[in-house]
Amino acid sequence: MCLREGLKPGSQAANRFDIVGGEGGLLVAGIGGGLTGRGAHIAIVDDPVKDMADADSPTLRKRAWDWWTSVLQTRLEPVGASCLIQTRWHEDDLAGRILATERGAWRVIDLPAIAGSLDDPLGRIPGQALRPERFDVTHHAKTRKRVGERVWGALYLQKPRPPEGGVWRRERIETARINAVQFSGLDMARIVVAVDPAGGESTIGDETGVIGVGRDFDRQLYLLADRSGSMGANDWGLAACRLALELKADAIVVEKNYGGDMARQIVTQAWEQLRRESVTKGLLEPMILEVTAKVGKRLRAAPVAQLYEQQLVHHVGEYPDLEGQMVTWVEGMDSPTAWTPPSTD
Numbered sequence: 050m051c052l053r054e055g056l057k058p059g060s061q062a063a064n065r066f067d068i069v070g071g072e073g074g075l076l077v078a079g080i081g082g083g084l085t086g087r088g089a090h091i092a093i094v095d096d097p098v099k100d101m102a103d104a105d106s107p108t109l110r111k112r113a114w115d116w117w118t119s120v121l122q123t124r125l126e127p128v129g130a131s132c133l134i135q136t137r138w139h140e141d142d143l144a145g146r147i148l149a150t151e152r153g154a155w156r157v158i159d160l161p162a163i164a165g166s167l168d169d170p171l172g173r174i175p176g177q178a179l180r181p182e183r184f185d186v187t188h189h190a191k192t193r194k195r196v197g198e199r200v201w202g203a204l205y206l207q208k209p210r211p212p213e214g215g216v217w218r219r220e221r222i223e224t225a226r227i228n229a230v231q232f233s234g235l236d237m238a239r240i241v242v243a244v245d246p247a248g249g250e251s252t253i254g255d256e257t258g259v260i261g262v263g264r265d266f267d268r269q270l271y272l273l274a275d276r277s278g279s280m281g282a283n284d285w286g287l288a289a290c291r292l293a294l295e296l297k298a299d300a301i302v303v304e305k306n307y308g309g310d311m312a313r314q315i316v317t318q319a320w321e322q323l324r325r326e327s328v329t330k331g332l333l334e335p336m337i338l339e340v341t342a343k344v345g346k347r348l349r350a351a352p353v354a355q356l357y358e359q360q361l362v363h364h365v366g367e368y369p370d371l372e373g374q375m376v377t378w379v380e381g382m383d384s385p386t387a388w389t390p391p392s393t394d
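Start counting the sequence shown at 50; every next residue gets the next number (my numbering).
No wet-lab data here; the hints were simulated from the structure.
Hints may contain errors.
[Stated by the list, open to error] Straight-line alpha carbon distances no greater than 30 Å define the calculated DSS-like cross-link-like pairs of lysine-lysine that follow: (1) Lys330 <-> Lys194; (2) Lys343 <-> Lys305; (3) Lys330 <-> Lys297; (4) Lys330 <-> Lys191; (5) Lys305 <-> Lys330; (6) Lys191 <-> Lys305; (7) Lys343 <-> Lys330.
Please read all numbers here as calculations on a predicted model, not as lab measurements.
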């Protein structure tokens with residue numbers, strides 16, 4: 050209707066125009082701007098914060114919420130509607146507050162770069178890319194690694210992660226960190242390689258977690274290596290076996306939720322391949338332990354995080370990718386390498 054009727058000749062302001070032949074038009078204002086004397090049939094808010102830094106500011110988040118409730122929403126006509134479009138940088142952003150207070154009144158259209166559930170608005174199955182002809186899953190896997198977990202979650206998945214304050218705290222990791230020289234003087238009671246395969250048949254670029262963990266005779270734990278990455282079953286089997294050789298591990302522990310009875314076979318075949326290639330140098334295959342996760346990641350992560358709080362876990366060296374995931378991981382995020390190691394008893 051607006052385009053058919055045309056604009057009034059006097060509508061030259063950059064933030065306002067009116068239409069010919071009737072009432073109506075468009076008025077533009079920024080967050081904090083005034084809308085006095087104006088009603089709205091449709092109120093559209095596009096990106097109420099400009100970037101991650103603004104989203105992290107409690108003052109600016111409150112300012113946006115106050116403007117939304119006391120200015121914009123008071124201008125809606127009785128049959129008016131609101132539309133909010135934004136990047137979910139923070140759990141307590143404008144969208145977060147709206148959904149926390151009146152979720153039932155809103156229709157949420159969420160189009161992540163990678164489909165994560167069966168109720169995807171476009172009917173995609175989990176693991177499918179949004180525009181595979183331009184940005185396929187391999188591209189997204191590289192992007193995720195390049196931009197980091199927080200930016201990936203916000204810009205690409207619309208699932209905000211806190212800058213800190215997830216399950217793990219960075220200061221606890223830093224306080225207990227030791228270097229290779231310090232570790233060389235310690236005796237390990239047991240060393241294991243833990244494997245957390247990426248879930249199901251998905252090709253979304255999720256990582257398979259492959260880490261090395263040791264325990265000394267005082268029951269202190271040591272993160273010795275991180276070989277996690279996007280890989281298929283044969284590749285993670287080889288990665289786990291190579292790490293076991295490097296660390297002289299006593300056991301390889303594999304979560305078998307997604308591999309079923311194949312986990313043991315994958316490791317055994319990988320070890321046999323390395324033996325044929327003379328990589329094992331006559332060493333016997335480590336014990337293979339298959340475990341089944343009976344609870345979600347949050348419940349598994351909590352007791353491990355408590356060990357960090359008690360300074361019973363030490364990172365030997367630095368692991369930027371893994372540690373970045375750990376300190377930003379919150380429940381509901383797919384972070385396979387935010388490690389929840391099996392028992393090392």
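- Task: Would you mind confirming whether the straight-line C-alpha gap from lysine 343 to lysine 330 stays at or under 30 Å?
- Result: Cα-Cα ~37 Å, so violated.
- Does lysine 191 lie within 30 Å of lysine 330 when you go C-alpha to C-alpha? Roughly 35 Å separates the two Cα atoms, so the pair is violated.
- Holds or violated: are the alpha carbons of lysine 305 and lysine 330 at most 30 Å from each other? Holds, because 28 Å separates the two Cα atoms, which is no more than 30 Å.
- Task: Verify the proposed pairing of lysine 191 with lysine 305, using a straight-line Cα cut of 30 Å.
- Result: 26 Å, holds
- Pair hint lysine 330 and lysine 194, alpha-carbon separation not exceeding 30 Å: The hint is violated at about 34 Å.
- Query: Does the alpha-carbon distance linking lysine 330 and lysine 297 stay inside the 30 Å limit?
  - Reply: This hinted pair holds, its Cα atoms lying about 12 Å apart.
- Satisfaction of hint between lysine 305 and lysine 343, Cα-Cα up to 30 Å: This hinted pair holds, its Cα atoms lying about 11 Å apart.
Hint check: violations occur at hints 1, 4, 7; the rest are consistent with the structure.
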